[in-house]
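Participant: These protein sequence lines map, in sequence, to chains A and B.
Note that numbering that gives the first Met the number 0 gives residue 225 to position 226 of the first sequence, counting from 1, and the numbers run on in steps of one.
Note that numbering that gives the first Met the number 0 gives residue 27 to position 28 of the second sequence, counting from 1, and the numbers run on in steps of one.
Treat the hints as calculated values from the structure; they're not laboratory data.
From the three backbone atoms N, C-alpha and C, an ideal C-beta is built for every residue, glycine too.
Heads up, a few of these hints could be off.
What the hints assert, rightly or not - Not close to chain B: a few residues of chain A, all C-beta gaps over 10 Å, as computed:
#1 Asn32
#2 Asn65
#3 Gln207
#4 Thr235
#5 Met321
#6 Asn357
Unchecked claim - Looking from chain B toward chain A, a few residues come up when the C-beta cut is under 7 Å (computed):
#7 Ile63
#8 Glu72
#9 Thr154
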Amino acid sequence: MPSAHTERRLESQPAPVRNGREWPGEGSSRVPNWVYTDPDIFARETERIFGANDWLYVCLEAEIPNTGDFQRSQLGTREVVAVRAPDGNINVLLNSCAHRGMQFCTANHGSAKEFTCPYHQWTYDLTGKLLGLPFRRGYRGQGGMPDDFRPEAHGLQSLAVTCRHGVVFASFGAPNQSLETYLGPGMLGWFDRVFDGRELVVLGYMRQRIPSNWKLMFENIKDPYHASLLHVFLVTFGLFRLDQQSSVEMDETGRHAVLVSRRGAQQTNEATSQMRSFKQDFALHDPRLLDPVREFPGDATVVMQTLWPNLIVQQQSNTLAMRQIVPLDAHNFDLAWTFFGYADDTPEMRQRRLRQANLMGPAGLVSLDDSEAMLLTQNGLDGNDERSGIVEMGGRGVDNTPHMVTETAIRGFYQHYRSVMEL
Amino acid sequence: MIAAAPGVDATLALRARLADLYCAYDDVLNDGDLERWPSMFIEAGVYRVTPRENHERGLPIAVIYCESRAMLEDRVVALRETALYAPRIVRRITSGVCLRAIAEDGLHLTANFALLETMPNQPSGLFLCGRTQDRVVEDQGVLRFAERLCIYDSTIIPASLVYPI
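Input sequences plus hints: build the corresponding full structure.
Facilitator: What follows is the structure in structure tokens.
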């Protein structure tokens, strides 16, 4: 007899959500605390957000340039291996043997001719096709697989894959939209600004495990309001401040967004007087730490793009990074940073990217504020499920704005989230 | 006491001075005396913290990358004046300091480190562990770090790396 749980899954019904979970009447200008704490909500997110038809960021093509090169990646709570096949195409394979489910690939990165599961030596080609298994025909007429065993029906699970300008995306479902349609024309334009077709070079990795719900990371990069108050370092040096010419833009669903800002001077004005964080007399001992150079068309100097459901594209002055969100459970996620540059960077630009990375990552002079803020936010949310957060800066709507004094992109995110989650 | 690798001929006096340097280094950071930390480096001192994965694959990004004593000072000012973080105690334990070579550009040493972190009202726990590759030189009669590369074993840092290794 299948359990009630199995039956529910078979009928594609949502995972159960506890009684009494009702979104506040104010709509997306409120976020109930239980979306950050409830394991049932997390189970539904795993299924509907990370396991459905959306395009999830996997890796950069530059990580696997040659045939056989592979890179492990985490999509939601599941692990995959992205590998370049002899035909040049990239396959994204579930890192779980078709036989007994063993994680067959344990290296983060490498090169392979084929994949063999160490448990019973089932062997797959680089497209995930099952090539063979020991003792399929038995030994001396004894044992073996049944005569009707069809190897072609037992390959590795292979995901839908799409690439754009060196960035690899995959989906566990059957996406009914191309990546370009999925992003929408506005977001695609910002994406192509960094990924303009030039060859990319991976500069290295940082990874941190943050004890908070994964959505707080997305909200953080959709919230320009905090950046001018929390990030003293950014504010003081004019790297990102809400009195500068800026904008918040979204796609038509509200799931993707971009914060755009232009660098300003370290000078006092009406806005900085409201920022206790602004320090006019703070100067660097070694100015090489902040020596940004304009390298993209247009006058934007910071563009932070959040792409539903697991990617932040960071262009903060000259640091470029993919920040991949890997949810672990309702209370923990990993943030995986892949820093990159362009193959045609000058040595000076390469060095500048390495220096400016001091602002980013788990020890970043700016990002440190965020990981700690998320940790402390989760501490304050836990145990207070009956309460809700207020998201009313800049009104209650989800319009694009030509300024930063707004939480519109958080509202846009939750508008889409609620429709996907049916909450 | 500092061990010398086979073939390295170091006097006991030099090894005692190096032992004092490593002891003082941990002492300064364990006591939270961040302002004194840059003075343990020469003016052109290089300090880097990087995961083992980047180091082994030759990938240049570092979690912390300071190219001068002044940059170390900037980091200290940022930690004191601009950064937000929950209070914590980080205790460093260094072991197996080994003098690998006495070269023209200075003394080359390696050591193991463990960082234990204690967050408020939480039990103490292992935060990071790994190995350092250091170059130490005599600077105005004092031994100081010309280079300190901290390579941590895990790919993952628990939450945030606030204080230096």
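Participant: Run through the hints listed earlier and report the numbers of any the structure violates, in increasing order.
Facilitator: Violated hints: 3, 4, 6; rest satisfied.
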